[in-house]
Every structure is written in C-alpha cells, then in structure tokens.
Amino acid sequence: MLDRSGEAVFAAVLRAHQLRAHISMVASYCDNWTDPEPACEFGTFHLIDSGVCWLRAPVLEAPVRLGPGDLVIFPQGTVHVLSSAADGSNPGETRFTTMLCGEFEFATGKRNPIIDGLPACLVVREQDSGMQFRRLAQLMMQEAQGQSFGSRTVIDKLADAMFVMAVRHHIERAAERRGLLAALLDARLARALEAIHERPGRDWTVAALADVAHMSRTAFSERFSEVLATSPIEYLTQWRMTEAARLLCDPRLSVAAVAERLGYQTEAAFRRAFKRIHGFGPGQVRRRLSGEELEDEADDAAAIR
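Under the numbering used here, the final residue of the sequence shown carries the number 285; numbering is consecutive throughout.
No wet-lab data here; the hints were simulated from the structure.
There are no misleading hints in this set.
Derived Cβ-Cβ restraints for the label pairs, each shown as a range:
id	residue 1	residue 2	range
1	Glu202	Ala249	26 to 34 Å
2	Met5	Met145	19 to 27 Å
3	Gly130	Thr14	29 to 37 Å
4	Glu240	Ala87	17 to 25 Å
5	Ser196	Ala155	27 to 35 Å
No residue lacks a Cβ here, since even glycine has one placed at the ideal position from N, Cα and C.
Generate coordinates for the entire structure from the input sequences, incorporating the hints supplied.
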C-alpha cells in the first residue's frame, strides 16, 4: 500500500506527464472470430464487458482467457490477437462478446517512468479488482450506447481513471515491481522522491537526499540506483527537464525564468541539460505552441556550447 510520500510522487508524475486515454471502439463479436491487433505507437487496452475471448501475444507464454470485467493493457502497444478460441479455431458453440477497446498516451511521449515500470502485458482480473472494472465497463457501455450529450468526454475521462486504477492495482498486487513503481513502495526512497518532486529547484546533493530518506549516503545511493536504474542526481535532472517541458508551455515564463525556477544558475546550462534529456532545445517547445520560428539556431548553438 502506498504511503503519503508514494501517493504524492505518483500523483506528481501522472500530472507532469499528462495522461490522455480514449475509447477508440466498442467492439461486438459473434461465433468464430479472430481480430489481429497490429503494433501501435500508443499504449492499447481492452476491457471485456460480456462474453469471453482469448488473447495471444509474443510477450505471453500461453493464450490467456478473458471474461467480463477483465482488463488487458499493452503499455508499449505490443502486437496481439484476440479470438473466440485459444488457437483461433471454431469454439464449437455460439459466443457473443463485447468489449471496449482504446488507446492511451502521455503528452511527454513514451519516455515515461510509469510505462517503464509496467510489464509488456498487464492483465487485471475481475475477481482481483473487487468488480471495479466490471462496473466501469458497464458504465462506459451505458454511456456509449446512450449517446447523451458529453458521452464521449465522459467515456474518455473514465478511461483515464481506468488506467490509473490498473496501475494502482499493479503497484499493490504484483509479485514483482520495477523502476519507479517499485520505489513508490519503499518508504525511504519515496521520501527522497517526494522531496525531489516537490522542490526540484533546490540545490540537492546525494547527501541531502540521503538525510531525507534517513539513510547513509552510500546505502541511499546504492539502493536508489538498484531500484530506479539511475543515480539520484540523474533522476533529479530528468525530473527537472520534465517539469521544464511543462513550464515552457506557459508563455508568461521566459526560458531564463524556467531555468532559474529549476535551480540552474545560467540559462546556457539549462539549455544544455534540456537538449541532452529531450533531444531538442527549449525553443522548440515554444515553436510547437506558437507555430512560429523561434530562436532555433541560437537555441541549438547555446545547448552545445
């Protein structure tokens, strides 16, 4: 179970990366059917409303049977096949299956600690979720079939909630966790992460973060790198650049103001760090928003000095 620090970090990461989920199709299948799903640049999911189906994918050791209220998520949009029988043959009986299919993405792209912490295929069973996803499927189907004003918005918001609920379920119930999702359950690491997320502009050192975690500097550094596969200072830089991308969307803040807010003494140092993490300079964020040519050459030149 997440404590206060873990909850705060989870909320901050979700907020910064800006989850966007939507239902792309309400699918109905009858009798013998097979539906191949190609690889997708976004994450994909299927929430079973009624009936049963079988799931096959290269990342699965064997076909998986899905029933009402079961949810499957492919965080990396992995290729997979849904069908009425485990081997794609005729099941020998009439079967009618309905499900909600959709996609999700983050505004910051696939470089995301939540996605990195999830397995290639995440299955949440109805019996393990206390029927939460069964009720959610029923509500979403009612909205889809009712076609009332605002139904599309309601369905997509419910899809957002569904994804968060699935990640929470994985954090709390998975036998093995990795990356940020594992760190959230480590009270000592969670305290340090909360400090980084709440005050990214502070001049943090490994020793200062170790004090927050109530650990020795060496033990903290080793534990942090073991769980998160990166050093505390590199994680701090990555989080600063995630926040920078968000702050740069505010036209009232100059690049220099964002750099100062995030603890950089010079704008040039900030630009170099931004380009190293994102692969492009901060001016490109502004250009995407305004549609105008903004200091592109100067930005790139400053980033590599």
